[in-house]
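Those protein sequences? They're chains A and B, same order as listed. Numbering-wise (my numbering), the first sequence opens with residue 1 and increments by one. Numbering-wise (my numbering), the second sequence opens with residue 1 and increments by one.
Note that these hints are calculated values from the structure, not bench results. Given the structure is predicted, the values throughout are model-derived calculations rather than measurements. It cannot be assumed that every hint is accurate.
Calculated pairs, DSS-like style, for lysine-lysine (alpha carbon to alpha carbon, straight line, at most 27 angstroms) [unchecked claim]:
id	chain 1	residue 1	chain 2	residue 2
1	B	Lys-80	B	Lys-69
2	A	Lys-415	B	Lys-69
3	A	Lys-415	B	Lys-80
4	A	Lys-355	A	Lys-286
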Amino acid sequence: MVADFGYGVLVITFLLAIYSIFAALVGHLRKSQKWVESARLAMLLTFPGVTLGVLSVITLLVTNQYNIAFVYEVSERAMPLYLKITALWGGQSGSLLFWGWLMAAFAFAATLRNWSRDREFLPWVIIVTSLTLAFFIGLVIFYENPFARYWQTAAGDVISAMFRPASSIPFTPDDGRGLNPLLRHPGMIIHPPMLYLGFVSFVIPFAFAIASLVTGRTDDRWIRITRRWTLVAWLFLTCGLVLGSRWAYDVLGWGGFWGWDPVEIAAFMPWLTGTAFLHSVMIQEKRGMLKHWTMILVILTYDLVIFGTFLTRSGVLSSVHAFAQSAIGPAFFIFIGLTLVGSLGLLFYRWADLKSEAQMTSLLSRESFFLLNNLLFMGILVICFWGVIFPLLSEASGVIGQVFPSLANVFTGQKVTVGPPFYERTTGPLFAALVLLMGIAPLSAWGYRTVRSFQLSRWIALASAALTAISLYLLGLHDWVMLGILTLTAFVFVVAVVEFRRIVWPSALIAVLVSLGLFFLGVHQWQALIAFGAGAFTIATTLYEYWRAISARARAQQENFFLALWRLVGRNRRRYGGYMIHLAIVLMAVGIIGIGVFQTQTQRSLAINQSIELDGYTIRYDSLAQFPYPDGRTVTRAVMSIFKDGQFLQEVYPRVDTYPSGETMTIPGLRSTLQDDVYIVLVNWEGVTSQVAPFKIYHNPLVNWLWIGALLLILGSFVAAWPDKDPDYAPARVRSLQQAAYQPGD
Amino acid sequence: MRRNLWVFLIITFLALGWAGRASAQQPTPAPDDVNRIARQLYCPVCENTPLDVCPTQACAQWRALIGDKLAAGWTDDQIKQYFVEQYGARVLAEPPVPLVYIVPPILLLIGIFILYRTLISMRRKPAAIQAEPSAPSTTAGDDQYLRRVEEELKKRN
Numbered sequence: 001m002v003a004d005f006g007y008g009v010l011v012i013t014f015l016l017a018i019y020s021i022f023a024a025l026v027g028h029l030r031k032s033q034k035w036v037e038s039a040r041l042a043m044l045l046t047f048p049g050v051t052l053g054v055l056s057v058i059t060l061l062v063t064n065q066y067n068i069a070f071v072y073e074v075s076e077r078a079m080p081l082y083l084k085i086t087a088l089w090g091g092q093s094g095s096l097l098f099w100g101w102l103m104a105a106f107a108f109a110a111t112l113r114n115w116s117r118d119r120e121f122l123p124w125v126i127i128v129t130s131l132t133l134a135f136f137i138g139l140v141i142f143y144e145n146p147f148a149r150y151w152q153t154a155a156g157d158v159i160s161a162m163f164r165p166a167s168s169i170p171f172t173p174d175d176g177r178g179l180n181p182l183l184r185h186p187g188m189i190i191h192p193p194m195l196y197l198g199f200v201s202f203v204i205p206f207a208f209a210i211a212s213l214v215t216g217r218t219d220d221r222w223i224r225i226t227r228r229w230t231l232v233a234w235l236f237l238t239c240g241l242v243l244g245s246r247w248a249y250d251v252l253g254w255g256g257f258w259g260w261d262p263v264e265i266a267a268f269m270p271w272l273t274g275t276a277f278l279h280s281v282m283i284q285e286k287r288g289m290l291k292h293w294t295m296i297l298v299i300l301t302y303d304l305v306i307f308g309t310f311l312t313r314s315g316v317l318s319s320v321h322a323f324a325q326s327a328i329g330p331a332f333f334i335f336i337g338l339t340l341v342g343s344l345g346l347l348f349y350r351w352a353d354l355k356s357e358a359q360m361t362s363l364l365s366r367e368s369f370f371l372l373n374n375l376l377f378m379g380i381l382v383i384c385f386w387g388v389i390f391p392l393l394s395e396a397s398g399v400i401g402q403v404f405p406s407l408a409n410v411f412t413g414q415k416v417t418v419g420p421p422f423y424e425r426t427t428g429p430l431f432a433a434l435v436l437l438m439g440i441a442p443l444s445a446w447g448y449r450t451v452r453s454f455q456l457s458r459w460i461a462l463a464s465a466a467l468t469a470i471s472l473y474l475l476g477l478h479d480w481v482m483l484g485i486l487t488l489t490a491f492v493f494v495v496a497v498v499e500f501r502r503i504v505w506p507s508a509l510i511a512v513l514v515s516l517g518l519f520f521l522g523v524h525q526w527q528a529l530i531a532f533g534a535g536a537f538t539i540a541t542t543l544y545e546y547w548r549a550i551s552a553r554a555r556a557q558q559e560n561f562f563l564a565l566w567r568l569v570g571r572n573r574r575r576y577g578g579y580m581i582h583l584a585i586v587l588m589a590v591g592i593i594g595i596g597v598f599q600t601q602t603q604r605s606l607a608i609n610q611s612i613e614l615d616g617y618t619i620r621y622d623s624l625a626q627f628p629y630p631d632g633r634t635v636t637r638a639v640m641s642i643f644k645d646g647q648f649l650q651e652v653y654p655r656v657d658t659y660p661s662g663e664t665m666t667i668p669g670l671r672s673t674l675q676d677d678v679y680i681v682l683v684n685w686e687g688v689t690s691q692v693a694p695f696k697i698y699h700n701p702l703v704n705w706l707w708i709g710a711l712l713l714i715l716g717s718f719v720a721a722w723p724d725k726d727p728d729y730a731p732a733r734v735r736s737l738q739q740a741a742y743q744p745g746d
Numbered sequence: 001m002r003r004n005l006w007v008f009l010i011i012t013f014l015a016l017g018w019a020g021r022a023s024a025q026q027p028t029p030a031p032d033d034v035n036r037i038a039r040q041l042y043c044p045v046c047e048n049t050p051l052d053v054c055p056t057q058a059c060a061q062w063r064a065l066i067g068d069k070l071a072a073g074w075t076d077d078q079i080k081q082y083f084v085e086q087y088g089a090r091v092l093a094e095p096p097v098p099l100v101y102i103v104p105p106i107l108l109l110i111g112i113f114i115l116y117r118t119l120i121s122m123r124r125k126p127a128a129i130q131a132e133p134s135a136p137s138t139t140a141g142d143d144q145y146l147r148r149v150e151e152e153l154k155k156r157n
């Protein structure tokens, strides 16, 4: 009954979405407000429609209707209520429906805004959002139906189908299979929704971009409308990624938070283009430049979002996330292909209308730095994309080897794995360059014109770059790619330091002192020295930017320091929120380098009261207990005491949860401080007895700064995205006055 | 001749005995050594799971196998090669094909080239159409204000 209702509502919603596309198109072609209004109302109705569909699935999950195939697969009687509800996104069809629901909600919100000044955008925003929605609802209706029921045929086979096949009787299993143990975690409540919110909300800027391309209104109005959407989308996506990392750290028992798993990368790729987009948008707004590029970025982000959903959902790549596999791949492929070709075609059609309004004034202008930033983001994107598709290419290339036997040695068609070593070696230098760039770029004003000729800095920079290359080579770095990128980074860094020496030298000095200090304190890994130096540089210049503006304001307005800070940030939230995000990224980088470069680990079997040592810590195995949990799992829990220099610090409890299905979860015992984490895993797979148990200990220095940085990043995003009065409604003169008075650095 | 044969047999016997004792004395390799190699390998059956953290029974046996090979005196590379021969190149965390490393730097160089061309072409545009007043850093407040207004007007049009 509920299933029939839910399915029926979804079919109606699908038809509504198709109708709204059609009506909006007619409205656009005939210039008829009536048709557009009709499309708008149909669009608004899709949200309650999908909501009813989602509520139907949740009802089925909560009331244990195991004759529904989806409910059987992701739920079981013993699961707590919150897991039964969140199981909605624990399986393929439910998660596609959930995606569609969020899409409908965002489309609903976007359609409700005040359209009086942007009437011409409306039909195309409706068309793009409805098309995306119709695609996902269509997948749910035609391919992955969460309402399909089990039927027993005359032959005794159990099949799943929406409607009763001929000569079959309904079949109801007693209990479900239950959710994958990895997903039985409170993180399940928040990580997938955050990620999906990030994915879905990027559709809105894309819809406006397409609308502006179709209508030919190619000024930056679409950007002004969607900039808060974009920031919010970016924040959700970032939160989704960070929460996923934290979840992996707490639950996977791998000692780390990021494994360069294809699905992690799939969620990371739209983040890369989205971040590049956020930066490129600023140049278009302030200088009217890079319009083509901004468009390409928003199109790429949209299709990477769909591609990301596809990779997660299709099982085309092997990954720890591929708990859902099916044949929806071709549908996704066609949709991605069509939208990519369609929107790029539209962009080329409007190419001439998107000319720059201003010229670059100097190679060291802020625009150049923004372009460099975009290049680095795109570089990381290309590496990620290449790494993800390389196994597929390698396997597919076997065909070439078969057709041309002489090439069979080159194109063997072997299945390969692209794991962390590849990504770390190739993206590492680009990330380091990005951190440095964050320190340099804010110093150059928009369209900065260098008074000095480029001569001096060029020679000094060339010399330092050569020196860097030689010394890194002598220090044992023989990887040519890395050497090349680091040399280039050194060149850009020195050029910037020389050109902006009057403001930048204190930060550069601090960076060098930090690196030297760490070196003498015994840190000899060059990656860490470079990265921490770059981090110190960026923190110093960013804080200096704050200080410069605050002191200028405090002087001019006779305000005290804190009031000046408060008002300054309030006047230009996006800029100072952005700087806050930069600081947050540096803190996160500190955490990532800490665990990435300095992590140590050891494994040993311990008898009770025996100890193991790692990096100055002594970890003693005290006892082991095994007990059942009400939800059916059996918990094997060890008690471990951590000592440092003979001093007792803390007890931790690594454990292994065994589910009735036989699946196990390894939950680490964790002692976490600002300085480092001690991460203890009970290695159940090596055979645990009451006398002897094997333990794996990880020492993860500084990793907590990753999470602290993430919190600061969220705060910064809130500062940047906090709604204020629509500046376009304020008289231009007032705005100019405000900007002129309070932006000393601009 | 016969004496030589005897000497040979005795020496062989002693050598075998010594070798046998030596191999029996080989300590079982520490789990850390096994993990060092397992970390560079992926589980041949599970999806995208490094061998050192894979909880399945099969993987425990593979790790034990690594331990045996280490005890038998194999080097890290020999063991990795053994796994590749048994299960294919996909067990390596890093693809053995250099192609995977060649393409990203080439694309990056192309990107740098495009960026460079863009910057140059953006700069080469005739300065005559530059309507915007230059922005000297020492401008007095009034000029700054006028410049803002002009920028604003430009944006509105």
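Quick rundown of the hints versus the structure:
no. : hint                     : in the structure
1   : Lys-80/B with Lys-69/B   : holds (10 angstroms)
2   : Lys-415/A with Lys-69/B  : holds (25 angstroms)
3   : Lys-415/A with Lys-80/B  : holds (16 angstroms)
4   : Lys-355/A with Lys-286/A : holds (15 angstroms)
Checked against the numbered hints listed earlier, the structure breaks none of them; every hint is satisfied.
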